[in-house]
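Asks: Okay, here's what each chain looks like letter by letter:
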Amino acid sequence: SQQGEEDPQALSIQEGENATMNCSYKTSINNLQWYRQNSGRGLVHLILIRSNEREKHSGRLRVTLDTSKKSSSLLITASRAADTASYFCATDRQAGTALIFGKGTTLSVSS
Amino acid sequence: DGGITQSPKYLFRKEGQNVTLSCEQNLNHDAMYWYRQDPGQGLRLIYYSQIVNDFQKGDIAEGYSVSREKKESFPLTVTSAQKNPTAFYLCASSIVPLAGELFFGEGSRLTVL
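Protein sequence lines correspond, in order, to chains U and Z. Under my numbering, think of the first position of the first sequence as 1, with each following residue one higher. Under my numbering, think of the first position of the second sequence as 1, with each following residue one higher.
Okay, chain U solo, but in the shape it has when bound (with noise of 0.2 Å):
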């Protein structure tokens, strides 16, 4: 089935660094996410983008999606050992059929 992929599967960066990470997904889509999991928690939503969109921000969270390439990035500028967390991407399915996850990526921020 159609499944968002994350990568890289894991990043560890210091603090103060950016860290980018990617998601493709294998079909047609309405909109694409980004949540957030701290370890043993449940999910937070980041970020909501639509096909017809090309890049959106939020805070220091910064999205692009390239419909042409079915990708994703999600930029998150001047980290902090608080943004330490699994990132996954979620795409819906056309035909009306609830969130596909992919397998996030784990990022660990040092200080």
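Worth flagging that the hints you see were computed from the coordinates, not collected in a lab. Hints are supplied without guarantee of correctness; some may be wrong.
Said to hold, decoys possible - Example chain Z residues on the side facing chain U (calculated, C-beta under 8 Å, incomplete):
| # | residue |
| --- | --- |
| 1 | Tyr33 |
| 2 | Gly40 |
| 3 | Gln41 |
| 4 | Gly42 |
| 5 | Leu43 |
| 6 | Leu45 |
| 7 | Tyr48 |
| 8 | Leu90 |
| 9 | Leu98 |
| 10 | Glu101 |
| 11 | Gly105 |
| 12 | Gly107 |
Fair warning: this is a prediction, and the values are worked out from it, not measured in the lab. The beta-carbon is built from N, C-alpha and C at its ideal position, and this holds for glycine as well.
Got chain U sorted already, so can you dock chain Z onto it with the hints?
Replies: For chain Z alone, kept in the frame of chain U given last:
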């Protein structure tokens, strides 16, 4: 505060037993969902409900059952037919069925002994 409450947070089960995970929301959302998460894996959809008294199977519904008798509640039963039930279970809701942002509970971790 509005949100989704899952209970219990941790649950241990002996093989052959059915267990029920609770999910309650006070967000007045129409749609509710159950996902399963295994270590290093993404979330996989078990069941979802767009409206009271209606629900649909997701990608991995075998060995699970649900009910939606009230808008606020969407319990998940893990039956003895589920071959590998040890996992982290996440309940979510959305304002509009199958669209927009999902709001998640804090999860229930089930371990089969």
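Asks: Hint by hint, say whether it matches the structure.
Replies: To see whether the hints hold, each was checked on the structure:
no.	hint	in the structure
1	Tyr33	holds, 6 Å
2	Gly40	holds, 7 Å
3	Gln41	holds, 6 Å
4	Gly42	holds, 4 Å
5	Leu43	holds, 4 Å
6	Leu45	holds, 5 Å
7	Tyr48	holds, 5 Å
8	Leu90	holds, 6 Å
9	Leu98	holds, 5 Å
10	Glu101	holds, 5 Å
11	Gly105	holds, 5 Å
12	Gly107	holds, 5 Å
Consistency with the previously given hints is maintained throughout, with no hint failing.
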